[in-house]
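*Asks:* Got two chains here, separate frames each, mind docking them using the hints?
Protein sequence lines, in the order shown, are assigned to chains P and C.
All residue numbers for the first sequence refer to our numbering, where the first residue is 1 and numbers rise by one.
All residue numbers for the second sequence refer to our numbering, where the first residue is 440 and numbers rise by one.
Note that these hints are calculated values from the structure, not bench results.
Be careful, since some hints might not be right.
Between beta-carbon pairs, the in silico distance windows are [unchecked claim]: (1) P654(C) to S167(P): 38 to 44 Å; (2) A135(P) to E507(C): 54 to 60 Å; (3) R675(C) to Q57(P): 17 to 23 Å; (4) R505(C) to I170(P): 21 to 27 Å; (5) D670(C) to G114(P): 30 to 36 Å.
Covered stretches of chain P (chain C as the covering partner; in silico rule of three or more C-beta atoms under 8 Å from a C-beta of chain C) [stated by the list, open to error]: (6) 60 to 70; (7) 87 to 95.
We put the CB at the ideal spot given by N, CA and C, even for glycine.
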Amino acid sequence: MPLPQRLNRAHWPAGTFFALLAGLFGALFAGIVAWLAADQYGVLQTTESLRLKTIPQTLEYQRLARNLEVLRREGERVLHGDDAAARQQALFVVSLVASHPRLLEDERARALAGETEEFLSGMARGTHFDAAEQAHWERLSTRLTLLADDISVDGVNLANADLEQMSAAIQSGRYKLAVALLLAGVFLTVLLWLIRRHFIRPLQHIDRALSQLQPMGPPPALPASSMEEFQAIEGAIGQLHEAMRDSELTREDLERLATTDALTGLHNRRHFMHMAHGEVERAHRYGRPVAVGLADLDLFKRVNDTHGHAAGDAVLQVFAAILRETLRQTDWVCRYGGEEFAFAFPETTPTEAQALVERLRRRLAELDIAIGEGKRVRITLSIGLADASACPLEAALRQADEALYRAKTQGRNMTVLAGSDAGDEAEIDAEAEPVAPRS
Amino acid sequence: MPHPIRRLCLSLLLVLSAHVAHAAGDVLRVAVLSASPPVSYIDGNGKLAGFNIDIAHALCEAMEVRCELRVSTLDKVVDAVAAGEYDIAVVSLLATPERRRKVLFSKPYYRSTSVWFAPAKTAPETPGVRVAAVRGSAQAAYAQARGWTVVPMHSHDEMSQALASAAADAALVPMLTALALRQHPAVAGLGLTTTVLADAALSGDVCISIAPQHPALRTRVDAAIDRIKRDGRYDRINTQHLPFKLQ
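In isolation and in its complexed conformation, chain C is listed as follows (with noise of 0.2 Å):
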């Protein structure tokens, strides 16, 4: 063989092996979070669990990518969608219009509403309340929004000390989280009532947000989320983590 048709298929094979490395390396990070029980939370173990931790881990699987996941906050991860800094985010997050602007949304893979979650006597719009509503929720962005008085937490954990600590009236969360948040030693004793809001701003899809980077990704997460949905993964992770199905 000549040496310069050699050198060519050396070359070409050297750029192929590393194109087949770098489809082999190719990991997607991927956020979640890590204090949002029954969805996203560190079991005894000290490992991620939850309803969105294998869901996230389901739809690698179905994506046929290697998945890692890493911990963020909710009051930080749309940001960090919006630079790149994680390719995806499966958190509950319901596709606000201002959520819109900033990421890409995959379809809805559930629906949610919001829960009140306080004393009997205080109803939402009683004047005066705290409300609990963690950083960057809709919920928080709703509070504000109504003029309430908001007090700030860093995650679903937090609320269940903070109203047994009385330093809020009541708690603003989604409906998932308002199981586990109900469930809770400290709230258990308060006899504390809940009442569903079915507000547009508090209500909707919840979708996967993905880095507006890759808007290729969409197609890809989309069709991962129908083939899970189709092939009975997702009910039974539905199953696993919470009493009712998802839709």
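Next up, chain P with everything else stripped away, as it sits in the complex (with noise of 0.2 Å):
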């Protein structure tokens, strides 16, 4: 695992992370409630100021315009009344109307209703009412109709300026609303990304690289992640990598302590009796050849008791170079016990075995074995074989082991199948001396 570099990467915890960026949102979301609010409160103001305030007004403006109305109608009852009290009265009225402070604040409807009250009080004061009068009567009437329809159009006017506050509220809250939404749809966006970038692909990563977790193969390659969880894990995955090949190296190690001979490096007895018997129900199961022998260096304990039991150890070791030079990928040869071998011959008639341990045991024959301090030694080797394709292993081991018998008996140096009448003859090497043992 490179450590070093992952310390240098950014590392956020993806608690902190989340908490940050809901808390980002949040504010962001607070941000634009108030902004929004901001309007939706702007639009209850207004309302409630058109309410309580501009439609008073607007009724305050009605009633003025109504009054000049009042003024007109009671100005020709002043002008045309029945009787003089009518008239008094109506010229009262008009000098009430005239005289209120609302209509006083008003500068065009003070000044219009000053020059009808003065108008109609020179009339009721008993001015000749003549044609020219009645047509400046004919104009104030007029006038004052006309000053009653822009009174009455300015209340009502009142209310466009609350109603145009509100419909730009409402408009800029339209705005604000769209750029929210446009806003949540960023986020989210970012939000996806971010989960798709540094969860959902991490986790595909560490997925992938589980399922591919090979004890021998490569160590897993995670890309960077930046979240402090996942790079524990890509940690751990590392680790598990790590202890998975020491577990998986410790396993052949001791399969191949449990199955080997430690001096000579062959298959040991146990497990050679395993596989041979596997060779053997094969063979019997398909019909097929199989030989079976056994085989024992002459006159070992000679050379261990002359030489050492190292200048022993060395040519078991020589012998079993031998061996593995001389033999077939498909033949199984154990060490069977101190210098005693076994040997399972697969897809191999007796005949074939013999010609095969025939060459073997020439070879051996030949070599001058050393056994340190400048010595050699020749040794020979007796073979007894056996066919194993119609009967079970340990039956053919022991016609194996008869036939071995047989060679030592015969002479040693040779080999023996069982079932003939005698092994062939060994080629013996009478100069192998200081160990030429014959026994």
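*Replies:* Right, dumping it as structure tokens:
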């Protein structure tokens, strides 16, 4: 694991990261809500002002307009009333209206009402009412009506400002809502992207790494993740891979220890028996040939006694090397006992096996084996072979043992095939001194 | 149900029903005048009528309370409201500082002026002129303050007699009262003239007075005024009783 590189990388605890993200979004959202709420508050304020201030004001304008009409109506009575009392009363109403504080507040109304009152007072005092005066009154009358119209419209227009303000606030609210939605969309997209980039993809990588994890394969290749938790998992996967490889190596060591002979490196007897059983069974099942054999180094004890156990060991190791060179890949061989070896030859008839082991026997017999301190020895091999294609392994090995016994009794350094009359005569090298034992 | 709980529920129920009964029986005592045409008077059927009477009914409707109209007089009504004998008074009282010290006033429901009603040669400041004014009215207070000779009246109704019998040379009355007074048969033939007086003490906001013991009532009365002005009741009443729009 490239740990130092890891430390240099950005690393975030996912919880903190998302708390920050949520905080950011919360703040953003609250800001937008406040932003929108300001507009809504504005609308509510304007509505309230419209209801409580503007509409009453509008109604006041309407009343003022109506009073201007009252001036006109009462003026008609002053000019054309049935009797003097009615005319006086009408003039009184005119003067009340014309001097009302509300009417006096409006410049146009004040001027026109004053003019009207003055004209009507003059008429009531008995000024001659002729066509010119009638025309004058009609003009006044028209102006009163027009002013009533104007004031009436002005009153209605009071609401326009409020309505425009409201409309602006609502319009701005619409824009803000669009912005808010856009922001929310952008945030959501960024959030999804972040989740994909920093959660889903690391998870996918982890999944792939785990499914491809082999004890003896390459270390898992995981791209740098930015979340602490994922970095921890990635680290753990690396450690897991190392542990798997270690345990695989240990397992291989143990297997080798359990199946091989420490001195010669050949399989041990237990493993051989297990494998040979398998070969024999397979041969029986498919009707194929199979041969087994037992071999014993002739007079090996004498080498040990004469030259020491180290020399004996060296002889055994050299013999094991010859075995490995001479036998085929498919053949099984093991150190069966001290200087005794067992063979299994799958897909091989006893006769073919005999040729093979003869080659072996001859190579050994011709070899000077260095045993240290410049000394060399020669040693021979006796072999018993048996056909295992028709009988259990144990029986075949027993036969091979009997054949080996015969080889020993018949002079050693020879191969005897079980069931045959005699073994091949060994080629004895008489010059194989100082150790050319012959028992 | 265990006994204590049942008792508790029962007592709660009783309290509630008592409360509801009280709310239903909540009657507003409303002071009005009876001799101030055209705002408050007894009509041909012996019933209270006039602009202020209808306004009082409309306000009570708007406040959703039952009202009991009680007749009072201008010289007593402010003190009676101050003492809590009435809850409100729908009497066209100008909101003068002196009255504001005694009672609560609602927002104005119209603005008024006063009218000098006298023979053409008798101007307001003529020395020795005897001015008829209703006891307790802003007009009486004004006349006294100006050092005029005041002929105190019990009601606006009495004024026509005072003027006809020459007990008074002039009358100082609120504008709406002047409308009726001018047309009274007893004074119609006297040839009196009217002059509108817009002096600050004689004109201004006319308000509902409210007993100071019920400050919360003011908000309700204000809201009721707004409501009847908005929904047109005020204008209908105005048109029914008066020849022009009150503002």
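*Asks:* If a hint holds in the structure, say so; if it doesn't, say that too.
*Replies:* Now the hints, each set against the structure:
1. P654(C) to S167(P): 38 to 44 Å: holds, 39 Å
2. A135(P) to E507(C): 54 to 60 Å: Roughly 57 Å apart at Cβ, these two residues keep to the hinted range, so it holds.
3. R675(C) to Q57(P): 17 to 23 Å: holds, 20 Å
4. R505(C) to I170(P): 21 to 27 Å: Once the Cβ atoms are compared, 43 Å apart, the range 21 to 27 Å for I170(P) and R505(C) is violated.
5. D670(C) to G114(P): 30 to 36 Å: holds, 34 Å
6. 60 to 70: Held - the segment 60 to 70 of chain P has 6 residues with a Cβ nearer than 8 Å to chain C, which meets the minimum of three.
7. 87 to 95: holds (count 5)
In summary, the structure is inconsistent with hint 4 from the numbered list given earlier, while agreeing with all the others.
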